[in-house]
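*Asks:* Listed in order, the protein sequences are those of chains D and U.
Residue numbering for the first sequence follows my numbering, starting at 1301 and increasing by one per position.
Residue numbering for the second sequence follows my numbering, starting at 133 and increasing by one per position.
No lab work stands behind these hints, which were simulated from the structure alone.
Computed from a prediction, not measured in an experiment: that's the story for all the values here.
Possibly wrong hints are sitting among the right ones.
Every beta carbon over 10 Å from chain D, so not counted as near; a handful from chain U, in silico [as the list claims (entries may be wrong)]: (1) Ile169; (2) Gly269; (3) Met351.
Capping the alpha-carbon separation at 30 Å, the derived lysine-lysine pairs in BS3-like fashion look like this [what the hints assert, rightly or not]: (4) D:Lys1466 x U:Lys192; (5) D:Lys1506 x D:Lys1544; (6) D:Lys1420 x U:Lys144; (7) D:Lys1304 x U:Lys192; (8) D:Lys1430 x U:Lys192; (9) D:Lys1304 x D:Lys1385; (10) D:Lys1560 x D:Lys1420; (11) U:Lys144 x D:Lys1385; (12) D:Lys1487 x D:Lys1509; (13) D:Lys1345 x D:Lys1470; (14) D:Lys1424 x U:Lys144; (15) D:Lys1402 x D:Lys1349; (16) U:Lys192 x D:Lys1470.
Where a beta carbon is used, it is the ideal one built from N, C-alpha and C, also for glycine.
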Amino acid sequence: MDLKYWMGLLIILIIVIAVLTFGTGTDYERIVIAGSTSVQPVAEKLAEKYMQEHPDVRIDVMGGGSGLGIRSVSQDIIAIGTSSKALDQSENPGLTNYTIGKEGIVVAVSVDNSVDDLTKSQLKDIFSGKITNWKEVGGPDAKINLVIREDGSGTRKAFEDLVMDKTEVKSDAVVQTSTESIKLAVKQDPNAIGYISLAHMTPDVKALKIDGITPSLETITDNSYLLQRPFLFVTNGKPEGEVKKFIEWCLSPEGQDIVKEEKIVPIIT
Amino acid sequence: MSKWDEEYFIEKGLLLTAISSIIIIALIIIFIFREGIPALQSAGVFNFLFGMDWAPTDGKYGIFPMIIGSLGITALSLLMAVPLGVLCAIFLAEIAPANMRKILNPTIQTLSGIPSVVYGFFGLVLLVPFMRTQFGGTGFSMFTASVILTVMILPIIVSVSEDALRSIPQEYKEASLALGATHWQTIKNVIFPAAIPGIITSIILGMGRAIGETLAIIMVAGNVVQIPNSIFDPVRALTSNIAIEMGYATGVHYNALFATGIILVFMIIVLLVIANYFHYKKKVTIGGGYL
């Protein structure tokens, strides 16, 4: 055979050996976190800070949704699943959950909307389609345009559990697949109404008061603002080793400070 | 190693690369069917295809509104893109001076290189508010989606049609002009009819892209599972349905999304067969071969 072929084979062999030696040369512990996209930003911040203090640990944070997080952790694909809705213990025996913070759900309208305040039952009537015009809740004579999240979204599930009380959401509501696109749709349309998480709240949309209470860290901590949900870290069984240390660190004052910086309501104050 | 061995290995190697695409497609189809069939069995094929309600949490899996949504968006965008694209191709192939073509061709190619998420974002920020102020409603609609799709499939239709028009032998054009036909008469009666198979190919390719597009559609179509009363109502496409809910789906819901994929594959196969039929039917035969 030609010398060229042998050279080619030799190069391939060198590459394969190089990949095998350097690619698997890991001397740190790896923790994979996945789940709710609402929990993702705060989990990333926590992971980043923790890795700075513990260079021998590597934490990868991924999204995918609460359902995926719980499914993956119960199949032992990942170490920690995150969820933004309370865990149904009967459905998931063996899973341990830790509340790392609480979060408010903000009902957002355009800054041009004259309505400031809704009651929880008005909110329910709006999203179920019983109230279809802003003038019925003290606004201008204009049709209410609903913007909701997709079926399966943690924010949607939380909103429906908290507000809708098993009533169906109006079927012609526009569906957007992320918090940012909900905000964009609400910002542009003076007659739109949607829900987002408090952490994503910015002044370009207006947060409505619910039953007279403005959503804020304080009103969520004292439970006076009604639309709130827990942020959970879920493990399969009792956590051990680095995973346990990380979760304990998240619940320590140091970790909770980071939670607070992310506009999530810490569980210890 | 002898000369013969080398020849043998190269031939087999090339064969392997050629059939790899067939193997890949077969594997994908087998996988989609394996994952999707359970949903079709539990919901019933008829109920799945013609059911009006899609409520996975209540165990209702009807995708008819989404079939209508996908077909509606695709038809509407073809309605706009085909005349625009074919006329543009005629201009580029027959009328445009060389230096103008030098500007137009790269521009159109750039259009096809823009990622779909950018189109979707553009639509969400500019087109949706425009549609709302012009036509009322929320601005998220079948029409908005098809306008974005029109821009996305235009480059395919233009470039493939232009190639088809250019591949017509120069003798055809010369003969027509020599008979006293004007340039327009030549285009209309000779060049265009001879290029029809190629133009149909361009429409097939455009249609394939339109029906398969997901991300841009999710961002501007509103994703409401309903049969639209007008083109300004929001709709959900089959592709969007899979992409929106895949992250959350478990059990039958998960299978139902794969079943949605089966329907999508079938729809594309049927459309391809129809389009191919017209493609061959319109072929111009000259002597022993055809164009």
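*Asks:* Now tell me, hint by hint, if it's right for this structure.
*Replies:* Now the hints, each set against the structure:
Every CB of chain D lies more than 10 Å from the CB of isoleucine 169 (chain U), the least distance being 21 Å, so the non-interface label holds. Interface exclusion of glycine 269 (chain U) from chain D breaks down, the closest Cβ pair being 8 Å apart, not more than 10 Å. The Cβ of methionine 351 (chain U) sits about 7 Å from the closest Cβ of chain D, inside the 10 Å cut-off, so the non-interface label is violated. For the suggested pair lysine 1466 (chain D) and lysine 192 (chain U), the alpha carbons sit about 16 Å apart, so the restraint of at most 30 Å is met.
Restraint check for lysine 1506 (chain D) and lysine 1544 (chain D): not satisfied, since their Cα atoms lie roughly 40 Å apart, outside the 30 Å limit. Only pairs whose Cα atoms come within 30 Å are accepted, and lysine 1420 (chain D) paired with lysine 144 (chain U) is rejected, the gap being roughly 71 Å. For the hint pairing lysine 1304 (chain D) with lysine 192 (chain U), the CA-to-CA distance comes to about 63 Å; that exceeds 30 Å, so the pair is violated. Our distance criterion of 30 Å between C-alpha atoms is met by lysine 1430 (chain D) and lysine 192 (chain U), whose separation comes to about 24 Å.
A hinted pair counts as satisfied when its Cα atoms are at most 30 Å apart, and lysine 1304 (chain D) with lysine 1385 (chain D) does not qualify at roughly 61 Å. For a cut-off of 30 Å, the pair hint linking lysine 1560 (chain D) to lysine 1420 (chain D) stands: about 27 Å separates their Cα positions. Among the hinted pairs, lysine 144 (chain U) with lysine 1385 (chain D) is inconsistent with the structure: their alpha-carbon atoms are about 56 Å apart, more than 30 Å. As the CA atoms of lysine 1487 (chain D) and lysine 1509 (chain D) are separated by approximately 17 Å, the hinted pair is consistent with the 30 Å bound.
Restraint check: the Cα-Cα separation between lysine 1345 (chain D) and lysine 1470 (chain D) comes to about 37 Å, which exceeds 30 Å; the hinted pair is violated. Between lysine 1424 (chain D) and lysine 144 (chain U) the CA atoms are separated by roughly 67 Å; this puts the pair beyond 30 Å, and the hint is violated. Annotation: proposed proximity of lysine 1402 (chain D) to lysine 1349 (chain D) holds, straight-line Cα distance about 20 Å (limit 30 Å). At roughly 16 Å between alpha-carbon atoms, lysine 192 (chain U) and lysine 1470 (chain D) fall within 30 Å of each other, so this suggested pair holds.
Hint compliance for this structure: hints 2, 3, 5, 6, 7, 9, 11, 13 and 14 are broken, all remaining hints hold.
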